[in-house]
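The opening position of the sequence shown corresponds to residue 1 in this note's numbering, with each subsequent residue numbered one higher.
Mixed in with the good hints, there may be bad ones.
[To be verified] Straight-line distance between alpha carbons at most 30 Å, and here's what the computed DSSO-like set of lysine-lysine pairs gives:
(1) K151 - K182
(2) K82 - K111
(3) K218 - K178
[What the hints assert, rightly or not] Here are the in silico distance ranges between beta carbons for each label pair:
(4) G8 - I72: 23 to 33 Å
(5) N124 - G71: 56 to 66 Å
(6) V16 - V290: 51 to 61 Å
(7) L19 - V290: 21 to 31 Å
(8) D146 - R282: 47 to 57 Å
(9) R256 - K178: 47 to 57 Å
(10) D132 - L110: 36 to 46 Å
Just so you know, the hints here were simulated from the structure itself, not pulled from any lab data. What you are looking at is a predicted structure, and each value in this text was computed from that prediction instead of being measured. Backbone N, C-alpha and C define an ideal beta-carbon position, used for all residues, glycine too.
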Amino acid sequence: IGNPFGVGQTVTQGIVSALNKYGVGINQYENFIQTDASINPGNSGGALIDSLGALIGINSAILSRTGGNHGIGFSIPVDMVKNVVSKLVLDGEVQRGFMGVNISKVTDELKDLYSHKKGAIITNIQPNSPADKAELQRGDLIYAIDGKRVKNPHDLQRLVTSYRPDETIKVSIERDGKELEKTLILTSMYGDKVALKNIDASFEGLYLNELNDNARQKFQIPSHITGILIEDVEQGSAAYQDGFVAGDVLIQIENRPIASLADATEAFTALKGKTKRIYINRRGAILLVVTR
């Protein structure tokens, strides 16, 4: 049901050809219902219902070379919609849980090494991440999260990101032929941003975060750029008026190089009330911002 091309409420029908569809290349997180019911511009956000009138999804996207419908449409499953809506109500934004692992699928060559033939194999663990603190290891095969089966890496990503940061999960793994269960507390995918308050009035509204891999991906920051990420700037704040924007990388304050949140806090505190030259990297260009 939707409003294609603005013509008014319109109903189309079709079949569901796939569930849990991913790898389409539309979004980073994909778990679509695929249908051939006509979805055209104006249908996005409309309901996908079954023959009994029950809501099963929200129409989202199509694959098309011309922009018109070719019978390949995608809807977001209602369970995922409910999960996202609950996060928006609680937090005002979608915060996704984060384990801190790189994973790969169980290939045919690896099946002889594990009794579980499906799951996600850990290939790398980020230092100080929830997975690191729970003592997960490279080569561990994750086959369940809170008792829910993990069939492939996509399943693991979908399950973990359905939780909020600070939630506790139980991870079932296979290691050296033995089944183990690890408990870990998820963090935010982008880390915990720090608000600069009670340090210097000119920096009220500035939110800083470490430059981890996920932050680099989110803001498309190359690996050779170092510093501290300005993750958010409160609209109307002093920092906003000075021209800071989300995605800037703070690299130096006066003659103090900035490599950590501690460096930034120390510099702001030491120079409180003074005119400061702030050097930032914005999409590869070095800019100078002067604050008082």
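**Request:** Starting from the range 51 to 61 Å, see whether the pair V16 and V290 falls in it by beta-carbon distance.
**Result:** Between V16 and V290, where Cβ atoms are some 59 Å apart, the hint holds.
**Request:** Can you let me know if the beta-carbon spacing of D132 and L110 is within 36 to 46 Å?
**Result:** 23 Å, violated
**Message:** Given the hint of 47 to 57 Å, is the C-beta distance from D146 to R282 inside that range or not?
**Reply:** At 41 Å between Cβs, range violated.
**Request:** Kindly confirm whether 47 to 57 Å is satisfied by the beta carbon distance between R256 and K178.
**Result:** 50 Å, holds
**Prompt:** Between L19 and V290, does the C-beta distance stay in 21 to 31 Å?
**Reply:** 56 Å, violated
**Message:** Please check whether N124 and G71 have a Cβ separation lying inside 56 to 66 Å.
**Reply:** 40 Å, violated
**Message:** Hinted pair, alpha-carbon criterion (30 Å max): K151, K182. Please report holds or violated.
**Reply:** Distance of about 18 Å is within 30 Å: holds.
**Message:** Check the hint pairing K82 with K111 against an upper bound of 30 Å on the C-alpha distance.
**Reply:** 36 Å, violated
**Item:** Pair hint outcome, K218 versus K178 [Cα-Cα no greater than 30 Å]
**Value:** 37 Å, violated
**Request:** Determine whether the Cβ-Cβ distance between G8 and I72 falls within the hinted range of 23 to 33 Å.
**Result:** Given range 23 to 33 Å: holds, Cβ gap about 24 Å.
Checked against the numbered hints given earlier, this structure breaks hints 2, 3, 5, 7, 8 and 10; the rest are met.
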